[in-house]
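Protein chains: 2
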Amino acid sequence: MHFDLSGWRDYRQRLLQDDLLAALVVSVLLIPQSLAYAMLAGLPAQVGLYASLLPLLFYAALGSSPFLAVGPVAVLALMIAQTLGLAPAGVSPGEAALVLAAEIGLILALAAALRLDALAALLSVPVLHGFETGATLTIAASQLPVLLGSPAQGFDLPTILQSAAASGWTLKPVTAAFGLGALALLVLARQGLTPVLARLAPLLLLLCMMALAWRSDALGHGVSLVGQLPPLHLPFTLPRLQAELWWALLPGAAVIALVGYVSSLVVAESLARRHAQRVTPRRELMGLAAANLAAALSGGMPVAASFSRSVLMSDAGARTRVAGVLVAFFMAMAMLLLAPALAWLPKSVLAATIMVAVLSGLKLGPYAQAWRYARPECLLMLGVTLLVLCWGVTGALGLGVLGSIALLLQRTARPHVALIGRVPGTEHYRNVGRYQVECQPGVLGLRIDESLLFTNVRNLSDVVQGHLDHHPEARRVVLLMSPVNGIDFSGLEALRELHDTLARQGVRLDLSEVKGPVLDRLKASDWQRWFKGRLYLSHHHGMVDGLQQAPDWVSP
Amino acid sequence: MHFDLSGWRDYRQRLLQDDLLAALVVSVLLIPQSLAYAMLAGLPAQVGLYASLLPLLFYAALGSSPFLAVGPVAVLALMIAQTLGLAPAGVSPGEAALVLAAEIGLILALAAALRLDALAALLSVPVLHGFETGATLTIAASQLPVLLGSPAQGFDLPTILQSAAASGWTLKPVTAAFGLGALALLVLARQGLTPVLARLAPLLLLLCMMALAWRSDALGHGVSLVGQLPPLHLPFTLPRLQAELWWALLPGAAVIALVGYVSSLVVAESLARRHAQRVTPRRELMGLAAANLAAALSGGMPVAASFSRSVLMSDAGARTRVAGVLVAFFMAMAMLLLAPALAWLPKSVLAATIMVAVLSGLKLGPYAQAWRYARPECLLMLGVTLLVLCWGVTGALGLGVLGSIALLLQRTARPHVALIGRVPGTEHYRNVGRYQVECQPGVLGLRIDESLLFTNVRNLSDVVQGHLDHHPEARRVVLLMSPVNGIDFSGLEALRELHDTLARQGVRLDLSEVKGPVLDRLKASDWQRWFKGRLYLSHHHGMVDGLQQAPDWVSP
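First to last, the sequence lines map onto chains E and Y.
With the UniProt record's numbering applied, the first sequence covers 1 to 556.
With the UniProt record's numbering applied, the second sequence covers 1 to 556.
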């Protein structure tokens, strides 16, 4: 970080106005969401407010994106709820949440120190999207009982259904009326109102519903309310140091750290591209680490960047990370003003807020696109979605990553060795099966369409031999190596075996268009001791080399 | 399988003689090895003989290679010993070995039915070689106490050393004299004698040592002998059906099946290549499955192809799988003749046989080659070796496979995007950093040196943008796609993002030399709805397309 004061002077003159407006718009959305996501995570409502103060300041100090709206996030809240269930008995959810935030902060800081930002690549698009959809549906399902006043609980579909069945599918009519009424108004607001009013709608609705609950004596009618908050002052405490507790939450913390980081990075990159800016993945790691550590020390919960609020931040015109600082300021104001009234807020109204917020981000298009483009990846996406819904987030993500790796291995395991011929009149060579090309008797031109890796070299000799069986007159094989981006040790052995097998039949193996980095590695090995063929810079030179007369091109 | 009787008539006339000779030579080696490897596996000596009868017939009926010498194998014996240690109390090693062989047979049959022969690719050369070396050293270490008459036991280095220390490093001098004497004679035989005599040496030595032990009253001197064998008749029994036992041995069975199959396949392929023949991996799976099931039903132990005996089979001139049938016949003869004398065979002599057999196959060259060619793969090889020595075979192989996959992911995770220019006067394009080439202002030619996969596309836009920052005058980017062998769903998304990011800056993205299979997949998706660039069959056409005047080549 550098503190360029001339930049700061510029800032005051030009950008404060933009950042102020964006911060105001985002705060209006963050107030209801912070309360709702704390409830979703199974934590007291004020925890969501605490997590929207200091963490934002620390992200602004260390992060790199001006658009990321850090704070409580719905998907993380679901994962937090599932992880807190693993805490040992006798630890309150609030205490466990602080430990979890501390662990996430430390994991992210460690990842930044060890430069592990590349691990973000483990989450492929199908896994990430399948996970987000599954989490969205799970969140919506978990809020349905709250919305309708059912005593059912749970953070996966089977548990929720069992719990609802055990309670005899009972509902509370007045609670449901509040919830469904809020849901209807929110949906209408999204569709009917101008953008500005639509953004104000959740906060306005909250205020109206609190007033209504107070006037109608909702508590007397059995409606669950958020209830009296304790005196709001930021609690500065060290998280509880209990080995058993830290150990129990560690796997969940690792997964939440990965998901929080990757989803934040995806948002940051996508918004940066819109503004022709660049994101520094390591800076993001450091910013999120600081934000989570701040949450752990100030009574909050684990935080990350919210997709919906970050898009809003960008659309509303935020220019610098000062916008995040201003959001924290507005949140502190709101906390002081709203606290007394929150006691009257029905939980079913918060549930409606959550459902509308998450379901409005539901995207089913990628399933159809993946189905058309790559069936196995679509099945992976669907599988992850179903696993999240029915089993839990951590296991689903783990299996999803393994599935991605298996598909990658399967992809590299299918080498494609094509017989290639010359496009007549040119020096370009193309697959004999796809193009009208011409070949030369006596020289077999083959193209290997994959790096030579342990997953695919076991039958390299056999495949080449198969082509040779159809052209027994060939005395040379020229391998076009331009698609070979790497050769591992198993590949080197296979190349040597191929060379020796061909040599035993009196056929010479030549290589053409070997890539620079690949050739450097080969030359570092002892390959020059056994390789008797020739290297050509161009495949065409390899095909016509050593001919006594003009080449005799024939159709294959 | 087809039974071509005319082929059979040919067979009798021409090949019987060759097969007979090879079978005789292999049997002479197999007799001592079968006894020794049964002992190594912690089983009674006769189990090795039983495993050398029916399994050979069944492999001959269903397998495909004329050279594979199926039967007890040293490396498998070590794995069997480690696995049998996991059997529940109250089950004899012999019973457990039958269940293990049955499981291995069923796993291989299942793999053949599901066409899983491609899973062989999971074992890369570094893992396989590191494993074999580690197993060789472990076997030698485990036989050292037997050779010297120490009571120490164990199948990994720490256990053997602890056990020897616990026994106070005691030895039995007469036992050690037999063992070291046999060892010295075997080593001398390998070095000093003609090949024919050298091959006979182990069997002759066994006979001499039995006679010597009988004459010198070895038992009275405290030498451990193989002891009286039970009446030798092939026991036909179903393996014990006990769920707990089957379950306990299953992981070991899966690993032994994989190792047995892959090591047999490697031998079969290498020998087939020498004779310009081909191996059918699925036939090998079926042959080994049948051989192991036969072992399970006839009192044997798990079997696979032995490297040393298979090479001998090939060198001695075997022509068809009848050679294996003849080996089984000679083994049956030997069993009847030798059984009474085996009682007098000192175990330390068998230990010497094992040590010479396995250590003669030790190869350290690949470590040096891998060190020069690919440091991380060499470290993987060394790591697997050490893990096998100190921890056990199953875990070492598992970690080795994970290590190979991690290296593969790391390899695909490093995309290399090169700025390319024209080799003057040609239509060939090469890396600007490596060759003397020329570029064209206004058009940026880039080559992507890797398939576009989820592991490497996260920063594709950034890398291209980096090149573009150095050439702000460019209005087109032409991506040379010939090294791109595949695009997964994450890659498709990244390509779209790159396209849109460039479009926002008024830069058009074109693609050149897209491979046929890649283009087919792209066309199946909705890419034509968003892709506004052009496709070129040749990169050069892409670079000069749409120019109003002759191209203006400059040095980059």
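Please keep in mind that the hints were generated in silico from the structure rather than gathered at the bench.
Fair warning: there could be bad hints in the mix.
What the hints assert, rightly or not - In silico SDA-like cross-links for lysine to any residue, where the CA-CA straight-line distance does not exceed 20 Å:
#1 Y:K523 to E:R283
#2 E:K523 to E:R475
#3 Y:K523 to E:W527
#4 E:K363 to Y:R496
#5 Y:K523 to E:L204
#6 Y:K532 to E:R273
#7 E:K363 to E:G433
#8 Y:K363 to E:W527
#9 E:K363 to Y:W527
#10 E:K523 to Y:N431
#11 Y:K363 to E:R372
#12 Y:K363 to E:R273
#13 E:K363 to Y:D526
#14 E:K532 to Y:R273
#15 Y:K523 to E:R372
How the hints compare with the structure:
1. Y:K523 to E:R283: Answer violated: Y:K523 to E:R283 is near 38 Å, above 20 Å.
2. E:K523 to E:R475: Outside the cut-off at roughly 25 Å; violated.
3. Y:K523 to E:W527: violated, 41 Å
4. E:K363 to Y:R496: The given pair, whose Cα atoms are some 17 Å apart, holds under the 20 Å limit.
5. Y:K523 to E:L204: Not satisfied, since the Cα-Cα distance of roughly 48 Å exceeds 20 Å.
6. Y:K532 to E:R273: holds, 19 Å
7. E:K363 to E:G433: Violated: E:K363 and E:G433 sit about 40 Å apart, past 20 Å.
8. Y:K363 to E:W527: Holds. Y:K363 to E:W527 sits at ~18 Å (cutoff 20 Å).
9. E:K363 to Y:W527: Holds - the C-alpha atoms of Y:W527 and E:K363 are around 18 Å apart, at most 20 Å.
10. E:K523 to Y:N431: holds, 19 Å
11. Y:K363 to E:R372: Cα-Cα ~50 Å, so violated.
12. Y:K363 to E:R273: Violated. Y:K363 to E:R273 sits at ~54 Å, over the 20 Å cutoff.
13. E:K363 to Y:D526: holds, 16 Å
14. E:K532 to Y:R273: holds, 19 Å
15. Y:K523 to E:R372: holds, 10 Å
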